[in-house]
Every structure is written in C-alpha cells, then in structure tokens.
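Novice: Both chains are sitting in their own frames, so use the hints and assemble them into the complex.
Each protein sequence line maps, in turn, to chains A and B. Quick note on this note's numbering: the first sequence kicks off at 1 and runs consecutively. Quick note on this note's numbering: the second sequence kicks off at 1 and runs consecutively.
Bear in mind the hints are in silico, worked out from the structure with no lab data behind them. Please note that a few of the clues may not be correct.
Every beta carbon over 10 Å from chain A, so not counted as near; a handful from chain B, in silico [to be verified]:
(1) His5
(2) Ala52
(3) Pro121
(4) Arg131
(5) Ile152
(6) Gly207
(7) Asp258
(8) Val306
(9) Val363
(10) Val382
Derived DSS-like pairs (lysine-lysine); straight-line CA-CA distance at most 30 Å [to be verified]:
(11) A/Lys193 with A/Lys171
(12) B/Lys196 with B/Lys227
(13) B/Lys82 with B/Lys166
(14) A/Lys271 with A/Lys283
(15) A/Lys85 with A/Lys283
(16) B/Lys143 with A/Lys283
(17) B/Lys125 with B/Lys196
(18) B/Lys166 with A/Lys283
(19) B/Lys297 with A/Lys271
(20) A/Lys126 with A/Lys261
(21) A/Lys144 with B/Lys254
(22) A/Lys126 with A/Lys85
(23) B/Lys254 with A/Lys85
(24) B/Lys125 with A/Lys189
(25) B/Lys82 with A/Lys271
(26) B/Lys196 with A/Lys193
(27) B/Lys125 with B/Lys147
(28) A/Lys85 with A/Lys391
(29) A/Lys144 with B/Lys166
(30) A/Lys271 with B/Lys196
(31) B/Lys143 with B/Lys196
(32) A/Lys261 with B/Lys166
(33) A/Lys256 with B/Lys166
(34) B/Lys196 with A/Lys283
Note that this is a predicted model, so its numbers are computed, not measured. Beta carbons are placed, not taken as given, at the ideal position from N, Cα and C, and that holds for glycine.
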Amino acid sequence: MLNQLKDSPMLQFSAVLLLLVVLLALWMLLSRQGRQAASVTAVGVSTLRQRLGMSAVVVVGIAGVVGVLVALLAMSEGYRETLSKTGSADTAIVMRGASASEVMSVLDRASVTLIPEAAGIAQDAKGRPIASPELVVAANLPIKGGSADDEGSVQLRGVGEQAWAVRPQVKIIAGRTFTPGMRELIAGKGATKQFAGLEPGHQIRLGSQLWTVVGVFASGDALDSEIWGDAGVVADTYRRGGSRASVTVRLSDPQKFEAFKTALESNPQLKVDVDTTIDYFSKQSEGTTQTIRAIGITVGLIMAIGALFGALNTMFAAVASRAREIATLRAIGFRGLPVVVAVMLETMLLALLGGVLGGLLAWLLFNGYSASTLAAGTVGKLSFELKVTVKLLWVGVLWALTIGFIGGLFPALRAARLPVTTALREL
Amino acid sequence: MKYLHLIWAALFRRKTRTILTLVSIIAAFLLFGMLDAVRTGFDDAGKSAIGAQRLQTGSKLSFIQTLPQALDAQIAQVPGVKSVGYANWFGGAYQDPHNQVFSFAVSDNYLDQYPEIDVSPDEHKAFDNTRTGALVGEQLAAKYHWKVGDKIPMQSTIFPQQDGSKNWTFDIVGILHSKDKKAGGFFDQMFLLHWKYFDDSTPYNRGTVGWYVSRVTDVNQADRVAKAIDALSNNSDHETRTQTEAAATASWMKQLADVGLIVSSIMGAVFFTLLLLAGNTMMQAVRERTSELAVLKTIGFSSHAVMAMVLAESVLLLLLGGVLGLLLAVVVIGGFRAATGGGIPMAPVGADIWVHGLLLMLVVGLLVGALPALRAMRLNIVDALAGR
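Chain B extracted, bound-state conformation (with noise of 0.2 Å):
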C-alpha cells in the first residue's frame, strides 16, 4: 500500500494514453452495468417474500381462457388459503390504441393480496363506493398527468360496452405506491377498475375471471394448496393450474426472450475486446519504462515486488474505469427507469452487480498485467540499462 503514489505516478505516466485506455474501460463496464441489470431484472421478476406467498391460479388449457367466477367460494375454502382475489386483463388503452396501459378490472378485496402496494384508506374507500372508480400506479398517472379526481376516458382493445363502443369513462380516485422500489415497478404503471362494473358493462364477459391470486397462511404448503386448488377442477371443462407467482413469471420471461445467452455473447465480445486493448496498453507502459524499472531492481526492489507493482498497476487501471463506468451505469439507468417507467425489466444496479463488476475488474486487470509483469520481473538489470 505504501508504493500506491509510485504507482499512481507510474500509471499517469502517459496521460493522454491512460485516459483514451480509461474511457474504453468505462464504456465497457458502463455496458456491463446495463446488461447485467437487464438480466437480473429479468432474473428477480417476481421473486419477493410476499410473491412467495402467493398462488396464481388460470386456466389450464391457455392464459387467454378464462375461469368461472363461481370457483372464488370454492378455492376460498381449500384448507391453507388465506384469502383470494380475481382479475381479469382489461386490454385498455389511452388515447390512442398504442398507448397499452395494464388494466385489471379486480375483485373487491384484489389489492388485500398485494400487501406491498400502498394506497390511501380514504382513498381505499372511495375506490370501494365509486363504481366506476379506478385506482392508478403513481408512475402511469404522472405519465398522463392524472390527479385524483380526473374523469378519463380508455379505450379497451378487448371488451366493448353493451352498445358496442370501445369506449369506457373511468373516475380517478386513488393513487398505488409500491413500498418496495426495486422489485415493485410494475404495480405503479398499473390500471385497476371493478370487475362488477366491467362484468356488468360488457357484453363479452359474462361472468368470468381470467385469473385469481390467493395468499397461503404457510409457504412451505404452497405446493400442496396449489395442488389442492387444481383438483377443484379436476375433470371440469375448466381444469385450473396453479403455480407460485414466481413460478409463474419465471416462465413468462423465459419464453419473452432468452436474456442470458444475448448478454453472454455481447459480454464475450466487449471483454475480449477490451482484454486486447488494456493489455496492448499495459505492454507499451512497461516497455517504454525499461530503463526505470531496471533502476528500481538496482536500488533493491526485488523482482517479485516489480512484478507485484505492475499487475497492481494494470489492476488499479481496470478498477479505476470500471468504477467509474459502473457509476455512470447506475446514473443511466436510473434514467431508463424513470423514462420507461420499469417497463423494461432492467433492476437497478445492486450489490450482486457490484460485485460481480469488481470481481470482473480484478479478473480482467490480472490477464492484462500478467505479460508485462513476468517480462518486468525478468528484467535483466544491465541489459536494460543499457538499452539492449
């Protein structure tokens, strides 16, 4: 630690070469950053503690097939469920049919399942008493600047109304906030309406429920409730399953698109890349400092401590633009989030990012300083001296 300053001066020798090395290393971890948040968004969707608890519970036959509402009761009374809720997807839109907005119309006691998400009691209230109220996440509504009261007219890609109009007017009484930032993105961009008012309206629907969520009173029988939910319908034209809301979106993401090879094979790229680069840069360093290095053996460095000062160098080198391009990561893309508003699932860089970036910047400084430390260390003191 002592000889930090020696190799600090050593590796700012060269300024202008040192810093275009630098911001290729940034650009580099600054990628890494954004593609490991990406993976790992897609990774974490819908791994929480409270996820845990709950039960997604469709049709068998296809996620578009929807259930009869009558088996709410009957699931309700399954030994180990909590309680249950039930959705239906809405299709809605806003303004213009490309402006897809995730719209539920939900059971009464739908947002009793989703402990994670907060709203108001009064406005809990008024979602309760208004029949064609309609709660929306924080991050939809100032999207669409809406404030609670609004009147909002949505178009539904799905369910027009009795009269066949596609259009539907909803009262803004409340506002959701997801308590957990990380993992809840996805509740503030969401739309719920009241799937009374819905079933009521549309012709299309006549009673039923494309999906219900239940909590479970212990996790570890969430396999045996969710075995127990599907013999309700064992035989019916309307077989059920039920998978873990983790389960669940794990298989979503996998089928949207398979992230990990994607990422891998444009890390390959980037990092062969810049192990080529950094390491043309680090021989140049050692190459031209021959002559310097040869005096420090003189005056009783030993070979291995030069060679230990070169792979620190080459070392320092990495971290000091990987550091900096992992923080430039973290301001872009915490930009993207608010942009897209978690849209894409791309989680925000945490401490498993960090470390596997700082792991990488190691891995990565030692390769690249290896070949200029083994010919520093074998340095041979009078032929560098003398130039040979």
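For reference, chain A alone in the conformation it holds in the complex (with noise of 0.2 Å):
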C-alpha cells in the first residue's frame, strides 16, 4: 500500500511524459508548423557532430548525475529488498514488549513454553506447533583482509530445529547442519564473505570457547549475514539460562494473524508484541532506506545544478554558433516555435543519451556489487546487493530529461526572440 502510493507521483509522471510525446509526435506530423520544428530539428541534430566537444559536455555531464543518483538509489533498493525478503506475511514473530528488535528482547522460559500453545499456529507432520524459540547474540570474529586485532560483529542466532519449518528458504550449501547440544556453528553466505575463518572444518573462538564451523547455508536474505547454533548451547554461551529473545511461528493461515496477535497480546501471563516478519524487517530496514535514499538524492541535486548549467552553457553557445543561420530560417518566414522546440529536441536528446549511458555504467559497475553495514535493529555487519532495478534506470533518465528540459528551454527563448536583423548583421 505505502508502496504504491510512494510509486503513483512517478507513473503519473511517466504517463503525462508520454502523452507528451505523442502529441508532440502528432503534431509534428500534421501541422505546418510542426513540420518546420521536424526540419529544424533534423538541421540541429546534423550539425551535432562539428559540435562535438560542447555536445560532450551535457552527455557526459548528464551520466555523471544518472550514474551517481541510480548508484546511490540502487544500494537503498538492495537493502530495502535484503531485509524486506526475509520476512513474508504467513510467519509471524513474538518479543517482548516495547523491545525495538530481536537483540534487545528477552522473553523468559515461561513465556517461550506458554507461545507455541496459541491458536493459529501451523503444525507439522508430527503435529507439534511449528514456533521456534530463538536467542539473537553478537559475536566477535576477526574481518577477512584485516589485520589481526581487526574485529567486527557478526549476529549470532541460537536456533532449534524448528527453526527450518518456519524458514523452507535457508538450505545448507556446504558442509552438514550442528548437532545438538555441541558447540558447533553453521556460517551464513554473506557472513563467510565477510569474516575470516567460518570455512567448515575451522575452529573459532568466541569469547574463551573454541567452536567448529560445521556448514553454510544460504537463504538469500539478512540471514545470510548471520552464524547460527543450537540455541541451548549459545545460551549458555552467553548465560541466558532458559530465557530467549523471540519466537518466530509459522501461521496455519496469513488471515489468522489478527486472532494470534489479540491472543497473545491479551494474555495477561504474557507483555509481548506480536508482528508479521515481513513488518518486523520492513520497519527495520525503513530508517537506513530513507537515509541512503537522502543522500542519493541531495548529492544527485548538487550534481545536477552542475550539469544543468554545463548544458546552458553548451546550448547557448550552439544557439551563438547557429545564430546566423536561425535568424535566416525566420527571415524565409519560420516562425518563433519551431525553433524553440527545435533547439529543446535536441538537448533533451542529448540528455536522454546522458541518462542511458549513465543508467548504464551504474548497471555494468554496480549492480550486484556486495556492500555491508551495521544494519539498524540487528548487531552483526549486514551484506546486501546493489540492486539497479528498471524502475531506478527509469528514475535516471526522468531525471536527465527533467535537466535537459530546464537546460534547453532558456536557449531555445534566447534563439526565438534574437532580432532577425541584428543577428544577420552579426558575425
């Protein structure tokens, strides 16, 4: 729903683009006037090559800003899309209330035994209410590449083997699962990347404790940035006794989730909240999302004041150039508006090859480009990819058109109300 409201400006920004097109089409086709602007257009765009140099410029200038913005619009989007995939709307996850994420709830041992008997919650095939108690930790580990007092933190999840049932998406890819009760850890994707020695086979230490390094899984999401282990063990880790921090469940059915919510937030044994994973991460994620998107869009603004007056200044210039020779197409009776619109045509063409090849270079450096974060909400570095989606190249090339437009319409009016006779006298 935000969604689309968010998305609705655009595409009614798209739509009036186009049927701006159309018409413009239309009317170059069937009226006199119109053909005159075609002419002139064709004259302008020909010449473009003696004009190279200067033509560079607003190209350049444009791909620069498209290049930057969808770049910064692309990490946003990667990482709007790695939390938000983590979280559907048929698991729901229970904390204790008032606690801003997973890391800072603590749900005790009577709490963890009374939620999986809430109504609503799906079973397996043996009948047991598919909820997994899960105790959300950081650990320690030494940065790949760093030296060896180089430290980060990687989230550390306890897990039991409920934990799969709720989450089909996470598949061991190398090695085996832990096994029970022992001090073992499988590594995510992301975080193998991102932390020295979490190859299966290797010990790690966490804080005096060695553990082995048993397996990585996968799942495609945030998970892929965490280490998990049994939860017993990582419990007593870290002395947390029987408490956990949240339990995430399943539900029997997505429609459900209003009746679990009330149960379980009425109950007066229990002070928790109770959020869909696919809110849960979506909130998480919204802070950091708004702030990447900021400065995209601040530092694509400062460029774009630099290239929209790189582009004045080339078509000033080219209207000088061609002064003589637009002030003779008005001598031969063109009127004013075939040359506005021509002198626009050209550097909103111009703009539009900017914004491509921008969209472009951003797509060919970036897209699929690991990054990582201290992701608000968990306490381990978050891995994500730069995503450069077709609607972020669409955004680009709005953006070059809106500067080609504003950068070609003063000189396009400059070009219209030269006087004829000075202008032929010039020169």
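Specialist: In structure tokens, the structure reads:
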C-alpha cells in the first residue's frame, strides 16, 4: 500500500511524459509549424558532430549525475529488498513488549513455553506447532583481510529444529548442520565473505570457548549475514539460561494473524508484541533505506545543478554559433515556435543519451556489487547487494530529461527572440 | 601579478559563459566540501588528545554482552590506571520509539573520565544527590525543549522496570556542554542517568555493566595497561577486550560504511565531468580570442608569457568557483550540523579540507588550461591575424 502511494506520482509523471511525446509527434507530422520544427531539429541534430566537444559536455555531465544517483538509489533499494525478503506474511515474530529489535528482547522460559500453545500456528507432520524460540546475540570475529586485531561484529542466532520449518528458504550449501548440544556453528554465505575462519572444518573462538564451523547455509536474504548454533549451547555461552529473544511461528493461515496477535497480546501472563515478519523486517530497514535515499538525492541534486549549468552553457553556445542560420530561417518565414522546439529537442536528445549512458554505467559497475553495513536493529554486519532495477533506470532517465528540459529552455527562448536583423548583421 | 587586470578582463569577456561555468564549478566544490567533511568526520571520530588516554573495556564475546560490576574494583587496582568508570546502554527513546536517544546508565564518577565535558559544579552536585536525576547534552535539551527542573518520561527499548512497564521518569538536573565543539558533537547528544538507580529498577540487569572506561596515567603505557586489564578476566566466563577509545571508534566506523570508497567514486565522477566542462569553456575562450592573443604577441609578449596568461586564467576560474563552492559548503555543513545535532559524523570544514580543496583547484585548473595554453603558445602571429 505504502509502496503504491510512493510510486503513483512517478507513474503519473511517466504517463504525462508519454502523452506529451505522442502529442509532439502528431503535431510534427500534421501541422505546418510542426513540420518546420521537425526540419529545424533535423538540421540541428545533423550538425551535432561539428559541435562534438560541446555536446559531449551535456552527455557526460548528465551521465555523471544519473550514474551516481542510480548507484546510490540502488544501494538503498538493495538494502531494503534484502531485509524485506527476510520476512513473509505467513510467519509472525513474538518479542517482549517495547523491544525495538530481537536483540533487545528477552522472553523468559515460561513465555517461551506458553507462546507456541496459542491458536493459529501451523502444525508439522508430527502435530507439533511450528514455532521456533530463538536467541539472538552478537559475536566478535576477525574481519577477512584485516589485521589480527581487526574484529567485527556478527549476529549469532541460537536456534532449535523448528527454525528450518519456519524458514524453508534456508538451505545448507556446504558441510552439514550443527549437532544439537555441541559447540558447532553453521555460517551464512554472506558472513563467510565478511569474516575470517568461517569455512567448514575451522574452529573459531567465542570469548574463551572454541566452536567448530561445520557448514554453510544460504537463504538469499538478511539471514545470510548471520551465524547459527544450537539455542541451548549459545544460551550457555552467553549466560542466558532458559530465556530466549523471540519466538518465530508459521501461521496456519495469514488471515489468522490478527486473532493470533490479539490472543497473545491480551494474555495477562505474557507481555509481548506480535508482528508479521514482513512488517518487522520492513520496519527495521526503513530508517537506513530513507537515509541512503536522502543522501543519494542530495548528492544527485547538487550534481544536477552543476550539469544543468553545463548544459545551459553548451546550448547557449550552440545557439550563438547557429545565430545566423536561425535568423535566416526566421527571415524566410519560419516562426519562433519551431525554433524553440528544435533547440529543446536537441538538448533533450543529448540528455537522454547521457541518462541512458549513466544508467548503463551504474548497472555495469554496480549491479550485484556487495556492500555491508551495521544494520539498524541487528547487531552484526549485514551484507547486501546493490540492485539496479528497471524502475531506478527509469528514474535516472526522468532526471536526465528534466535537466535537459530546463537546460534547453532558456537557450531556446533566446534563439527565438533573437532580432532577425541584428543576428544577420553580426558575425 | 601585474597582469591580473588583463587576465580578469579576459575571463569575464563573455560574462554569461563564465558565470554559467562558475556555477558548475561551485556545485562541484560544494559537493567536494560536503563529502570530504563526511569522510573526515568518519576518519577523525574518536581521535582526540584526551581520547588517547582513555581505554574502553568490553566483553570479548561481543559488545552486547555485559560484564560483572565487581570488575570495577579490580581494574582500579591495575598499575597505570588513573581512574575507572562504567556505563550501560539504556536504549532510551522519547515520546516515540523512533526518537532514539543516546542514553547511558553511568557510574557516579563517569564524568570524571571525560574532562572535555563541562557541567557546572552545582548541577554536578544536584546529579549526585538526585536518584532519578539525569544530565542531558545541550543540543539534545534544545531539540526537545527540556530545561533543568523538568520531569520527563522516557521509554527504554531494552529494559522494563520491575512491574514490566517500559516507562521511566527522570528529573533533569543539569546540562552537559562539550568544550571542544569540533570533536565533541556526540557529548551534546548524550543522556546520562545513574547506574545505581537503573540497576535497582530493572530486573534484567542484575549488577552488570556494559563497558568500563578507564584513564591511564601515561599514554605510552596504554597498550601495556590494556593487556593488564584483559589479563584480569583471562579464562573466566567473562573475558574482556580492551582498546583505546580511538581504535574502538575507528573499528565501529569502518563497520558502518566504507565511506572512503563511496566518496572517492562520487568525486571521481564529479571531477571527470568538471574537467571536460571547464576544459571546453577554456578551449572556446581561447579559440574566439585568437586574434587578440596574436596582437599580444605582436606587441612583444613572449610565447611563454601568453601561455602563462591562459593557464593563469583557467586557474583563476577554478579558484573563484572553488573558493565560492567551499564557502557555500561551510554554510551548508553548519546548517546540517545544527539540524542533525551532530547525529551524522560530519566534520566542520577545517584547514585540511581547505588545503585539499585548494590543491584540487590548482591541479584541475592547470589540467583544464593545458591544451588551450599550448594552442595559444604555438599561435603563429601572421596566420592568426589573417584569420587562418
């Protein structure tokens, strides 16, 4: 819902743009002035090669803006997608009331036994509720490629057997899973890239204890940045006793969520908050996504101002160098409008070229590029991939066209207003 | 220098073009100033003279793991430790869980570890004597319009009270001021409460602390002291990891984002474009002045002098735009810092940024002027005057 709202102004903008293009094409084909505009544009475009250096300023300038903008937006998009993919509408997460994230939540043993008894939870083949009490803590591990003292934080999740039933997307891709009751770990694919020593067979130190890495798992979402171990053993190491951070359950039906939530939140023996996991993870990503977007747009705007004035400069020069030609056209009866349209079209064509080039560069260089940050609401490095989507490329092209429009407007007006006699006498 | 007037006149021969180019240069250097401020902000975080004397001791297992408070007395006995205080993350939020506040439950002597924080003696005393007292940073107080004497509600996103309520109430007894505005933005955002009150009120803490902050008597001994502190808990179930404040902060910043890479990618794109743009302007300027340059040569200016003048013109163009851009950056960054209250690490535009910027202007200016200057130098008087 929220996403649709966000998209709608852009969709409207695109629709208006399309309509304008169609109208313009019709005008050029059908009216006398339109045909004049088309022929002036053709002359302008065909002489572009003589003004290669100047034209390149517009193309490269706008390509720079669009490239940087799209790359930064791709970062925000990749981050958002990684987190929102982690959740789903048919699983719910139960945490202690007023906890901002899993790692801040503590559920005592009584709550952990009580929660899976609620109605609305799906059952497995043996008739047990699919509910996974989990412990979320952090561990300091040496960073890959860093000095010996260079340690980073990774999120460590203590899980039981139901964790796999709650998250069918998690698959072991190397080695095996940990044995319950042993100091064994499996590492997410993203975590193995960030931290040293997470290959199966290696041992790592957690505090004063040695743990063995026995496998690698992949899930294609934020869980990839975690390492997992047996909940009981992790609780021991971190002195958490029988308490857990959260219980994640698979709902028998997404429709039952409200009933499930009300049942738990109104239970006087519990003080918990219930969210669907998709809501929980989307909320976690909100702040950072917004921040990266804001940075992208700020940087993009400043660069756009620079490129806009570059385009203005170029087009003023182009108009000046063609002043005589334009004046001649007007002297033999061409109106002002076709001249304006021709200059505008030429600028926007260059801008479009720049926009496409910039988007293409961003896509080539940064699509799938992996970045990492300390994610809000988790306690470890979260790795994610930049995602250059078609939508972002389209945003880039729209920016390019906007710059082209403004950059062409003023030179075009000047060209049309040029008094014919002085222009013919000049030069 | 005596030709400055001539160079200036040449530069503004075509006002529109020069001004349009200047705006592009201003935009480029505005961006440079802002991005370099962020980069410096990340680099310099935690680097202060007093910060070098401070050691942070946390759990070796992870930063969320707590340590027993009993370690306090032991660390104080370690030779080379001047004094030690401790703190716990409180996870406070005001009014809305999204309004997170940097709130810490601290030991009574915590502020003694931070001589760069200013609190009036009266307010310090009031804090010592008020169980539910809180000291708040001046920017934080300004943000929420708090003043001394206010009773404010605060939610903790981590620690409920004994009755399970997440709502805490504190009496604001004093305001914290950081002495060094450049490095101390963070202190003006802090919210400090008593660890004792905190520990008594929540069933989830049970006599533990998040981290210890100790000051060493001799900075050169810091490494040895850090090792000695860690040795205290060797092979226990609460092993510690002690780092200097600078090292700890740097490690956090590095995990937060690879700012250097992002900044240099953006700046690369910006300056490549700028080079092309300003280069074109200069090329045009020289091309259209061909006959004027020929006249200069005719009346006795040497080829090298003409070349130098063209180079000077392009450097002047860059300097004008660049300095204006950086000045604008100073204003914008000042605004940002005031608006976010130092929430994002962004250093004010200091001497180092100016030096980087000026060097950049010089280099870009020379690069941009190189081709047109060569062209001007090689100009043949007869051909140029004949318009060939």
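Novice: Now tell me, hint by hint, if it's right for this structure.
Specialist: Structure-based check of each hint:
1. In this structure histidine 5 of chain B is separated from chain A by more than 10 Å, as the shortest Cβ-Cβ distance comes to about 25 Å.
2. With a cut of 10 Å on Cβ distances, alanine 52 of chain B stays outside the contact zone with chain A, its closest approach being about 17 Å.
3. Against the 10 Å criterion, proline 121 of chain B stays outside the reach of chain A, whose nearest CB is about 36 Å from its own CB.
4. With a cut of 10 Å on Cβ distances, arginine 131 of chain B stays outside the contact zone with chain A, its closest approach being about 23 Å.
5. At the 10 Å boundary, the C-beta of isoleucine 152 of chain B stays outside the reach of chain A, the nearest C-beta of that chain being 17 Å off.
6. Every Cβ of chain A is farther than 10 Å from the Cβ of glycine 207 of chain B; the closest lies at roughly 13 Å, confirming the non-interface assignment.
7. For aspartate 258 of chain B, the requirement that its beta carbon stay farther than 10 Å from each beta carbon of chain A is not met, with the minimum near 7 Å.
8. Every beta carbon of chain A lies more than 10 Å from that of valine 306 of chain B, the smallest distance being close to 22 Å; the non-interface claim holds.
9. Chain A leaves valine 363 of chain B outside its interface by the beta-carbon criterion, the shortest separation being 18 Å against a cut-off of 10 Å.
10. In this structure valine 382 of chain B is separated from chain A by more than 10 Å, as the shortest Cβ-Cβ distance comes to about 23 Å.
11. For the hint linking lysine 193 of chain A to lysine 171 of chain A, the alpha-carbon distance of about 17 Å falls within 30 Å, and the restraint holds.
12. Our distance criterion of 30 Å between C-alpha atoms is met by lysine 196 of chain B and lysine 227 of chain B, whose separation comes to about 28 Å.
13. About 37 Å separates the Cα atoms of lysine 82 of chain B and lysine 166 of chain B, which puts this hinted pair outside 30 Å; it is violated.
14. For the suggested pair lysine 271 of chain A and lysine 283 of chain A, the alpha carbons sit about 21 Å apart, so the restraint of at most 30 Å is met.
15. Between lysine 85 of chain A and lysine 283 of chain A the alpha-carbon distance is near 12 Å, which keeps this suggested pair within the 30 Å criterion.
16. Proximity of lysine 143 of chain B to lysine 283 of chain A is assessed by CA-CA distance (about 24 Å); at most 30 Å being required, the pair is judged to hold.
17. Distance hint between lysine 125 of chain B and lysine 196 of chain B is fulfilled; the C-alpha atoms sit about 16 Å from each other, no more than 30 Å.
18. For the suggested pair lysine 166 of chain B and lysine 283 of chain A, the alpha carbons sit about 20 Å apart, so the restraint of at most 30 Å is met.
19. Among the hinted pairs, lysine 297 of chain B with lysine 271 of chain A is inconsistent with the structure: their alpha-carbon atoms are about 89 Å apart, more than 30 Å.
20. Restraint check for lysine 126 of chain A and lysine 261 of chain A: satisfied, since their Cα atoms lie roughly 25 Å apart, inside the 30 Å limit.
21. Distance restraint check for lysine 144 of chain A and lysine 254 of chain B: the Cα-Cα separation of roughly 13 Å lies within the 30 Å cut-off, and the hinted pair is therefore satisfied.
22. Note on lysine 126 of chain A and lysine 85 of chain A: the hinted pairing holds, with a Cα-Cα distance of about 29 Å set against a maximum of 30 Å.
23. Annotation: proposed proximity of lysine 254 of chain B to lysine 85 of chain A holds, straight-line Cα distance about 26 Å (limit 30 Å).
24. Restraint check for lysine 125 of chain B and lysine 189 of chain A: not satisfied, since their Cα atoms lie roughly 53 Å apart, outside the 30 Å limit.
25. A C-alpha spacing of about 44 Å is found between lysine 82 of chain B and lysine 271 of chain A, which places the hinted pair above 30 Å, so the restraint is violated.
26. A threshold of 30 Å between alpha carbons decides the hint, and for lysine 196 of chain B with lysine 193 of chain A the separation of about 42 Å lies outside it, so the pair is violated.
27. Between lysine 125 of chain B and lysine 147 of chain B, the direct Cα distance comes to roughly 17 Å. Compliance with the 30 Å bound is thereby established for this hinted pair.
28. For the suggested pair lysine 85 of chain A and lysine 391 of chain A, the alpha carbons sit about 18 Å apart, so the restraint of at most 30 Å is met.
29. The suggested pairing of lysine 144 of chain A with lysine 166 of chain B is violated, with an alpha-carbon distance near 40 Å, which exceeds 30 Å.
30. Of the supplied pair hints, the one linking lysine 271 of chain A and lysine 196 of chain B holds, its CA atoms being roughly 25 Å apart against a limit of 30 Å.
31. Note on lysine 143 of chain B and lysine 196 of chain B: the hinted pairing holds, with a Cα-Cα distance of about 27 Å set against a maximum of 30 Å.
32. Between lysine 261 of chain A and lysine 166 of chain B the alpha-carbon distance is near 20 Å, which keeps this suggested pair within the 30 Å criterion.
33. Taking the CA atoms of lysine 256 of chain A and lysine 166 of chain B, the gap is about 28 Å. The hint holds against a cut of 30 Å.
34. The suggested pairing of lysine 196 of chain B with lysine 283 of chain A is violated, with an alpha-carbon distance near 34 Å, which exceeds 30 Å.
When held up to the earlier numbered hints, the structure conflicts with 7, 13, 19, 24, 25, 26, 29, 34 and fits the remainder.
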